[in-house]
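S.K.: So you can see what is in the structure, the chains are spelled out below.
2 protein chains.
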Amino acid sequence: MGEAEAVAGPSVVLVEPQLGENIGMAARAMANFGLAELRLVTPREPWPNPKAKAAAAGADAVLDDARTFEKLEAALGGLNLVFATTARPRDMFKPVIDAGEAVRRAAAHVEAGGRAGFVFGRERWGLTNEEVALADVIVSLPVDPAFASLNLAQAVGIVAYEWRKAAMGEAPPIPSKSAAAAGREEVVALVDHLEAALERTDFFTPPEKHAAMMVHLRAMLSGAGFNPLEVRMLRGVISALEKGPHRRR
Amino acid sequence: MGEAEAVAGPSVVLVEPQLGENIGMAARAMANFGLAELRLVTPREPWPNPKAKAAAAGADAVLDDARTFEKLEAALGGLNLVFATTARPRDMFKPVIDAGEAVRRAAAHVEAGGRAGFVFGRERWGLTNEEVALADVIVSLPVDPAFASLNLAQAVGIVAYEWRKAAMGEAPPIPSKSAAAAGREEVVALVDHLEAALERTDFFTPPEKHAAMMVHLRAMLSGAGFNPLEVRMLRGVISALEKGPHRRR
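Protein chains in written order, with our numbering: chain S, -19 to 229; chain C, -19 to 229.
Chain S with its partners taken away, still in its complex shape (with noise of 0.2 Å):
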């Protein structure tokens, strides 16, 4: 598909799977959709895994070249534009749109010269607040309520099939601020360097609820769409408040 090969797709991450077969149909359907970059965070089985290879049905590009991670933030290396998928709503401040406009939205940012990807979670419960927090935009498959339980290679399969949708359309240029957005790199370490200065304040208090302020600031830092020279300037920022009042005069 000449048109979604020139640029390169976006990629697909999958969080902590946990059976082989779901990554092979989800490689399949990527394969299917024009998309071919595929990263595992953590998977449950060891990887190389034979029971996905059988379910890729030949998609076996997808597979040999996937990369496997630790974490999500070491996956999410390089990608400047990340979307969350989830089936159920969530209460946090982050756009929520569908996996039309997510795809649309992708399909501008890459010809822009950036890079994004979707992040799918586990099988049985998704992916975390923490998780979610690192991705700039929640993507909302319409789910029944009523049986929201998606399979993973499903929900992969609807998001490649839109972007192949784009792809082969128009995609309409939306000017898209984020492709020039700081790589996720650097994002999660500015939080990392906020968080470190925090501790040695009285800013988490009570205690109890320093995951969720942290969530809170992870989500607000990542959905600013800073560059590379304002997280820079930040971390600048922070610094020159942890140092403190001037030591030169």
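Hint data in this document are derived by calculation from the structure and do not stem from the laboratory.
Each statement offered as a hint is correct.
Chain copies aren't distinguished; within one or between two, either way the pair holds.
For lysine to aspartate or glutamate, the following EDC-like pairs were computed, each having C-alpha atoms within a straight-line distance of at most 20 Å:
(1) Lys145 / Asp124
(2) Lys223 / Glu179
(3) Lys31 / Glu103
(4) Lys33 / Glu1
(5) Lys223 / Asp182
(6) Lys33 / Asp45
(7) Lys51 / Glu110
(8) Lys51 / Glu175
(9) Lys223 / Glu175
(10) Lys31 / Glu1
(11) Lys51 / Asp172
(12) Lys74 / Glu110
(13) Lys145 / Glu81
(14) Lys189 / Glu110
(15) Lys33 / Asp44
(16) Lys33 / Glu103
Given the structure of chain S, go ahead and fit chain C onto it with the hints provided.
M.R.: Below, chain C without anything else, positioned relative to chain S:
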């Protein structure tokens, strides 16, 4: 999902499905997206099929209500708008449309009191020309010709997904991040607070860069689209870092 239950959604007709797992996964995808009526033409394994039940992951109602037929002609009974799905181009005198267009036609047909159905072929080789000839319209899924072998349940899932999108109507309004953004005066106060804090440190080095650095910081914080809660949280961050290490311990 009231709106799709009120009208009977299209039937899903599987012709000689080979594997019980695929029937079960198709039923699961149907339930995910609000389709209820499954018709099976001569499934290869005996019916009911425990492997189908396991793969349905709880979509038992779809399987329990499924009916089996010996011939496709009989399975189409009562349907007066029939779509044949295919991943391959067909050399036939029939209109070929995409899945989105197909479900819109199906929805209009159902709303007008008709009954619609989507026919899916065998895992290995799809539908015969004779079977396709029984349909009114061919629905083509946009698979990559280089890897066109789409899993049966994936195909059903994509049609069901498109059905639900159509049944739910226009995409729900996307909550705009900017609508909830903090007022400009709150952002100005945040920037002023940060500037005052930084003036007590070595951040503005050399001092003649002070103004240019503030232009950057102001642009960055104004453009991030923070909401009022986020602005308050950032002011808390600045205050905490200003105060420095713990006092109470």
